[in-house]
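S.K.: Each chain, letter by letter, is given below.
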Amino acid sequence: MSVEERLRATTEAVTAAMRPVRPLDLPANLSDARPAAKPGRARPPRRWPGRLVPVAAAAAVIAVAATPVAVRNLSGAGADRPVTPAATSTTLPSGVPRYYVALTDIGTSKGGTPVRNAFLGDAGTGKRLATFKPPSDVMFTGVAAAADDKTFVLDAVVGPDVGTSGSRAKASGSLVETSPSPVEMSGSPARLSLSAPRSHIFYVLRLTPGAAHQAQLSRIPMASSFTDAATWGLAVSPDGRTLAIGFQAGVNDAAHKTPIGPLTLRTYSLATGQALHTWTEPTTRSFLYSVIDPDNSVRLSWLDDGHTLAFNDGPLSTHQIIRTLDTNRPGTQLIAGSEPVFTVPGGCYAPLVTSDGQAVICGTLVEKHGCVNGVPELTAYSVATGKLERVLYRGGCSLVPPQAEWAESGTLAIGDILISKAVNPLQPVTNTIGVTTPGKFTSLPVTLKGGSYNSPGAIAF
Amino acid sequence: MTALYQAHATGLVRLAMLMVGDQSSAEDVVQDAFLGLYRRWGALSDPGRAVAYARSSVLNGCRDVLRRRSRKVPAALLEPDAESAEARVLLGEEHREVLAALRRLPSRQREAVILRHCLALSEDEVADAMKVSRGTVKSASHRGLAALARILKEDQ
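These protein sequences, in sequence, are chains D and G.
Read in order, the letters of the first sequence are residues 170 to 630 in the numbering used here.
Read in order, the letters of the second sequence are residues 4 to 159 in the numbering used here.
With the rest of the complex left out, here is chain D:
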């Protein structure tokens, strides 16, 4: 064996021996990163500086009493509309959802965290139907959709250093709708505690399609506030009645630690907020994800059969394997109680199991001469055989892989193609959203500006 061959073999062995690389740990506050760090020595500041607040001193938690919030007049036009809908309308293929909810960063707070709204859009007409602005100390971090095309769930993190308030001494606000037209809201303002530990509020958005586009956003009355927990999965059952949340409690900050909890997956009734079933996986590792990143990192999804959850255990184990969990079966073990069904191939970004459970859609960048990084592709793999079945989409040069945002089968999906320039978070970027079928990509009149959509959990159809 030549020296070059031995080098290649060693490189492959090193690659095989690598643990999954931990998530990017950027500071929530850009200014936190500005002081010159000694190269190679300074660790990036943790993103959740509020976690330094002793939990005992933060007993007073949030009481957001602003729900339910009715949103009316959603079809009107407003002068402060932040995104201009595409003028054209598209006839959506049968089975493709018409409505979507996206989390959109519209700026940065004084504290450096993103100011993030959620909006409800119509993928057929391109119209933005409603925009939801959270209270000042609340930031949306994830969204999931049911297959009924009218039920969405939003995850929001509450804390003194998130949302628009930044490090302000006092904050209050209510969940308000800001565009396309001024909308009357009901409900009383949120009351937020200053030194509260970070917690989660989950909202359900129910849409009544029709001329009035009646929508109602309500807080799901859960007993748990998920204090100091990070969410790693979010999915709504096809019938819009059950919510699955993957989370982990614990703080693993250099200066402040609380016990790391097990990886937990729990289902809840959307109507009552009651916990239905819990699965856990003991671990000593923290899988806490950033407060500013959308929170479906494992691409938790609910299959059409109504009782099977699918997820990518890559972030949870040493291999990227798609697992399915039958929620009807007894048992409480997350990994041992689930079934490995597909080994994710190398280079597959954000693998999404199709709702029929038969295929996995991968976003990939294929190396090509003349491209800095590669050519973006959306590819469909068979769960049954593990083999590549077809290339659904292939584009020009790009810096980042595309992502399937919704997939019914190996032949019908909605893809998000991020244009090369889109990796710059400080400049306008463009996402091209479209329906992809074998060899055909039909752009939808969905205008999304910003690079944050290309992360699982930032947009849901």
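Bear in mind the hints are in silico, worked out from the structure with no lab data behind them.
Just so we're clear, the structure is a prediction, and the values are computed from it rather than from any experiment.
Glycine is no exception: its CB is placed at the ideal position from the N, C-alpha and C atoms.
Be aware that one or more of the hints could be misleading.
To be verified - Think about it this way: if two alpha-carbon atoms lie no more than 20 Å apart in a straight line, the pair counts; the simulated SDA-like pairs of lysine to any residue are: (1) K319/D - T441/D; (2) K537/D - S125/G; (3) K537/D - V54/G; (4) K537/D - K134/G; (5) K537/D - L124/G; (6) K134/G - Y56/G; (7) K537/D - R52/G; (8) K134/G - L122/G; (9) K537/D - G506/D; (10) K156/G - R175/D; (11) K134/G - S27/G; (12) K156/G - A178/D; (13) K156/G - S171/D; (14) K156/G - R177/D; (15) K609/D - L261/D; (16) K537/D - D131/G; (17) K156/G - K537/D; (18) K537/D - A123/G; (19) K141/G - E174/D; (20) K537/D - D127/G; (21) K537/D - E128/G; (22) K537/D - G14/G; (23) K141/G - R177/D.
Claimed, not checked - A few chain D positions that, by computed beta-carbon distances, are all more than 10 Å from chain G: (24) T184; (25) R375; (26) Q385; (27) P499; (28) R559.
As the list claims (entries may be wrong) - Looking from chain G toward chain D, a few residues come up when the C-beta cut is under 10 Å (computed): (29) L7; (30) Q26; (31) A29; (32) F37; (33) V135; (34) E157.
Starting from the structure of chain D, add chain G where the hints point.
M.R.: Below, chain G alone, put in the same frame as chain D:
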């Protein structure tokens, strides 16, 4: 930024692992590189070259790690290599020999060999990452390979 990281973190951590020998240090180096990229993003002359910038930063970070180690730890203790206990368990003997041999190369030759032959980058990409000329890459990788062959032969 997150998408850029997700697309390239594994490759960059692999580069750093080959340079510094353990994944924890490698991940620290890559995180620092992306933090620097994040800080300087507005000043980048060509955001399209973000990956090249990150690669160059990772290389610089690895040099710093190795420099610090060489100052703090007597050189003898670094032999045959400074790999982690984890790597010792996971890698076979033949691969550990190669890594140990790599670490005995002069730094420029080691970098050129890793970038050119382990990661299969083009000569231009290697030159860009190392901030040297293409000719230097050619000579450094050629000499590095020759030295590596010699070391591996001696060890047999």
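S.K.: Against this structure, judge whether each hint is valid.
M.R.: Verification of the hints:
1. Restraint check for K319/D and T441/D: satisfied, since their Cα atoms lie roughly 18 Å apart, inside the 20 Å limit.
2. For the proposed pair K537/D and S125/G, the alpha carbon gap of about 13 Å is at most 20 Å, so the pair holds.
3. Annotation: proposed proximity of K537/D to V54/G holds, straight-line Cα distance about 15 Å (limit 20 Å).
4. About 24 Å separates the Cα atoms of K537/D and K134/G, which puts this hinted pair outside 20 Å; it is violated.
5. A threshold of 20 Å between alpha carbons decides the hint, and for K537/D with L124/G the separation of about 13 Å falls inside it, so the pair holds.
6. Distance hint between K134/G and Y56/G is fulfilled; the C-alpha atoms sit about 11 Å from each other, no more than 20 Å.
7. Simply put, K537/D and R52/G have alpha-carbon atoms about 16 Å apart, close enough for the 20 Å limit, and the pair holds.
8. Note on K134/G and L122/G: the hinted pairing holds, with a Cα-Cα distance of about 17 Å set against a maximum of 20 Å.
9. For the proposed pair K537/D and G506/D, the alpha carbon gap of about 41 Å is over 20 Å, so the pair is violated.
10. Proximity of K156/G to R175/D is assessed by CA-CA distance (about 12 Å); at most 20 Å being required, the pair is judged to hold.
11. At most 20 Å may separate the alpha-carbon atoms for a hinted pair to count; K134/G and S27/G exceed this at roughly 26 Å.
12. Simply put, K156/G and A178/D have alpha-carbon atoms about 17 Å apart, close enough for the 20 Å limit, and the pair holds.
13. Our distance criterion of 20 Å between C-alpha atoms is met by K156/G and S171/D, whose separation comes to about 11 Å.
14. Restraint check for K156/G and R177/D: satisfied, since their Cα atoms lie roughly 18 Å apart, inside the 20 Å limit.
15. Distance restraint check for K609/D and L261/D: the Cα-Cα separation of roughly 14 Å lies within the 20 Å cut-off, and the hinted pair is therefore satisfied.
16. For the proposed pair K537/D and D131/G, the alpha carbon gap of about 19 Å is at most 20 Å, so the pair holds.
17. Between the alpha carbons of K156/G and K537/D the distance comes to roughly 37 Å, so the proposed pair goes past 20 Å and is violated.
18. With a CA separation close to 14 Å, the supplied pair K537/D and A123/G stays within the 20 Å bound.
19. Of the supplied pair hints, the one linking K141/G and E174/D holds, its CA atoms being roughly 18 Å apart against a limit of 20 Å.
20. Of the pairs offered as hints, the one joining K537/D and D127/G holds, with about 16 Å between alpha carbons and a cut-off of 20 Å not exceeded.
21. Between K537/D and E128/G the CA atoms are separated by roughly 15 Å; this keeps the pair inside 20 Å, and the hint holds.
22. The suggested pairing of K537/D with G14/G holds, with an alpha-carbon distance near 17 Å, which does not exceed 20 Å.
23. Using a Cα cut-off of 20 Å, the hinted pair K141/G and R177/D holds, with the two alpha carbons roughly 18 Å apart.
24. Listed as outside the interface, T184/D is inconsistent with that label: its C-beta sits roughly 6 Å from the nearest C-beta of chain G, within the 10 Å cut-off.
25. The beta carbon of R375/D is kept farther than 10 Å from every beta carbon of chain G, the shortest such distance being approximately 30 Å.
26. Every Cβ of chain G is farther than 10 Å from the Cβ of Q385/D; the closest lies at roughly 32 Å, confirming the non-interface assignment.
27. P499/D, annotated as away from the interface, keeps every beta carbon of chain G farther than 10 Å; the closest lies near 36 Å.
28. With 10 Å as the threshold on Cβ separation, the claim that R559/D sits away from chain G holds: the shortest Cβ distance comes to roughly 22 Å.
29. For the restraint placing L7/G at the interface with chain D, the shortest Cβ-Cβ distance is roughly 5 Å, inside the 10 Å limit, so the hint holds.
30. Satisfaction of the interface hint for Q26/G is found here, the shortest Cβ-Cβ separation to chain D being roughly 6 Å, below the 10 Å cut-off.
31. At a threshold of 10 Å, the smallest CB-CB gap from A29/G to chain D is about 9 Å, leaving the interface hint in force.
32. The closest approach between the C-beta of F37/G and any C-beta of chain D is roughly 6 Å, which is under the 10 Å cut-off, so the hint is satisfied.
33. With a least beta-carbon distance of about 19 Å to chain D, the hint placing V135/G at the interface is violated under the 10 Å criterion.
34. Contact between E157/G and chain D, as hinted, is not supported at the beta carbon level, the nearest pair being about 13 Å apart and thus beyond 10 Å.
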